[in-house]
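Asker: All chains should be modelled from the sequences, with the hints used to inform the complete structure.
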Amino acid sequence: VKQPIAFTQNKQVVRDLQFDTVRRRLSARIGSLTYFGLPSDGMQDVIQWDPFLGSVVAVERGESGREWEVQYSLMATAFERGLLGKTTLLRGDIDLIMLNGQDVSGRAVPYPFDIVTLDYSGGVFYRDEHGALARIEAIKKLIECQAKHGRDYVLFISANLDNVDDAEVSRTLANVATDLNRAGMNGSDVIDAYLSSKHQQARMKLYVPYLVSQTSARLNYGCETEQAVFYRGNRDMIMTNFRFYLKPDLRTAAPRSPRERLWQVVNAPMIEIRNGRIRRASLRLPLTRRQNETPHA
Amino acid sequence: MAKSSARSATRKPFAYGTIIEALSSGLYPDKRHILREFIQNAFDATLDFAKATDISQVKPIEIKLDGLSVFIGDRGLGMDRQDVETYRYLGYSSKARGTNVGFRGIGKSSGHAAADKIIVRTSKFGDPHKCEVVIDAKGMLDEVARLKNPPLDEILEKFSKVSVAPAGNDEHYTFVELHRVRGDARVLLDPVVIGDYIKRNCPVPFDSSFAHAKAIDATLRANVADYASVEIQLNGNPLYKPYPKDYSSPEFERIFTTDNEGAPLEGFCWYCGHVTGGQFDEKEDSGLVFRVKNFAVGDRQLTRKSLWKSTPERAFWFFGEFHVVDPEVIPSSDRTDFEDNDARSRLFVRGRRVAQVLSSRAGQESEVRRLELKTDEARGAFSEKNTMARGGELSDVLRDDVRYDVRRAVEDLETRLRRATGRRELSERHKRAVASARTVAKSGRKLLKTLARAESFYDVGAVLHFNDQTREAYRVILGCLREELSGDARFFARVVRRIDEALRRRFGAQS
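Those sequence lines, one after another, are chains C and X. With my numbering applied, the first sequence corresponds to residues 1464 to 1760, in that order. With my numbering applied, the second sequence corresponds to residues 21 to 531, in that order.
There could be a bad hint or two in this list.
Pairs of lysine-lysine residues, derived as DSS-like cross-links and limited to a Cα-Cα distance of at most 27 Å, are as follows [claimed, not checked]: (1) Lys79/X x Lys1465/C; (2) Lys1465/C x Lys181/X; (3) Lys1549/C x Lys79/X; (4) Lys1549/C x Lys219/X; (5) Lys469/X x Lys329/X; (6) Lys51/X x Lys1549/C; (7) Lys158/X x Lys1465/C.
These are computed hints drawn from the structure, not numbers from a lab.
Answerer: Structure (structure tokens):
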């Protein structure tokens, strides 16, 4: 009998933070919210948020060659927890599902969703056999598909730090530096510090919000980024978690630059969860400032 | 001892894998029955749990059609390790014939005909374990095809696995997945078809919007010992028995095994007629359906064919259920009929009483409806003719036709009245119809007297002072028309009226 994966105390705190985001951001639709994500066969987040949810679209790939096992386990959990009626299972790799708009059996992804939880067990920077960053492309595609429906939603992304040193990250952070420099800020200094930091989560903290913010802005969506989180998950692996609230901004047909300023994203403190407690992380990174301003901690 | 061992070592198996194919595919040409088999198991487990714990509020059976899979879950008694081991066996069942809906131990293998894998996770009430059995049906059937005649035992053992894990003491459920439903069984994935099938065939409750739901349910519980219903949800939505519109109050019929009313009960029947008589518009919901332990056996045609020997169309003037109580009446494996035995013959013979009662009621209702219809028609015709006769507006040409029509209508009503008053009992509706028909027949007799008077008719030739030749021409023309329109007297009368009006307009001033 396949037993659901255990989760850490820290993971539960992350779940609570996400729960709080859902409650604050989507209060008007509570009870009928649509969920899309990777709840795993334990379905802990879905179980916790059940009273808020009207439907659940769960994606599960399963273990290669025994895909049915975890997929069945997920549905068995849904049944045991009284969630079977509202749960739909999409089978296969979530990146491919988001990119192709359907799962391995040809079931379409029923956009739009109110809550998207991309709770990856790995990182976001893996490259496929063609060298493409499939996960990044899949996230962009999801934001694009959601935008077609013009509805606000929350997006949660959890990932580990695998391949954070991919050239993609350094190039993107260089763009961030350029944008900050153009705005008359100390972009180069700050981004150099991020790139050379021994804390890989620092680079994640800039990359993921920048990706979501820029992608959504192009689609006339405003993005509000909540404090990025890092914590130790299973097997003591450092995980990062990001919470976004995306809202359509249809005042103009032409896209506008993100309403959330880049310096705000850079200067936003990261929080750390240790032993189930939230604390402000100290990554010892400089803040952005106007070139003529005095630096402050 | 040594001899025995030697014999067992060389023993040839008595059963081969092809039996799996035959029992699974061959037994279920209609793949929807496969789902019913799993619902039967869930139903039995749910009732077993209720009996074991004295809990009357049982939890729903849940069915989820999801992608290429069908999930069936119940919160019944569940199975322990030993039960799960035997779940793999073919034709083995610990259930008792007559006590549970399923008993042959074959239904659980029906999934082999529909899906690549059957996965069952279960936890028995009070047992701190949960067990899982995975049956690789595709592997099994592929192996049978590849090896032609592999021994049955080997196949069953090789392609099914049992595993066990700890669980809470109070957990009790069974959750089945028919994984990757095959192409020829895709009907199982259609929520509309499956929803309709479950509503009509499984022991779901009556719809609370059906006005007599509570009364019928209570009467069934009081009269049918093994009657029970369980909520079944399909994709999260509860299903209820369908019912047609415009139904009358329910009636009940006990059917005994002999003419003696003290004899054991053969069955118990409830039915509702159409509020105004006649067949229901919803053909698929009318007629009676046999039920055993509240699961349907056959469709509404089975009662019609087996119980109605004449006027079979009258079966559809009613809708209802015939709950078979006799434990010797056994549904066939696919539940499209009963096993052919003496008990079935007795059921069909004794059940004919229901058909007789319903046909007689339908006959009486038909009589009332015809009487009401004929009365209404006669009332309208008599009133029209009476007005015309009093105004002298009836053409002399139509004199015989009009009098014949009125006489015939009066006599028809009087015949129907005689037939009705000859009955021992009349319903209130029938009594009202009789009273009304009597009044109209009386008015018809009075009209005949009016029509006997010359001033009730006019002669257009006399009114317009036609000469003899014109009169003759008029007669010839109307004679031809009468012949041509002999099949439609009303139309002929209308034509005559129009001609007379036209002649009056054209020649009235000159005359």
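Asker: Evaluate each hint against the coordinates.
Answerer: Tested hints:
1. Lys79/X x Lys1465/C: holds, 25 Å
2. Lys1465/C x Lys181/X: holds, 13 Å
3. Lys1549/C x Lys79/X: Between lysine 1549/C and lysine 79/X the Cα gap is close to 17 Å, so the pair holds against 27 Å.
4. Lys1549/C x Lys219/X: holds, 21 Å
5. Lys469/X x Lys329/X: violated, 47 Å
6. Lys51/X x Lys1549/C: holds, 26 Å
7. Lys158/X x Lys1465/C: holds, 21 Å
The structure does not agree with numbered hint 5 stated previously, though it agrees with all others.
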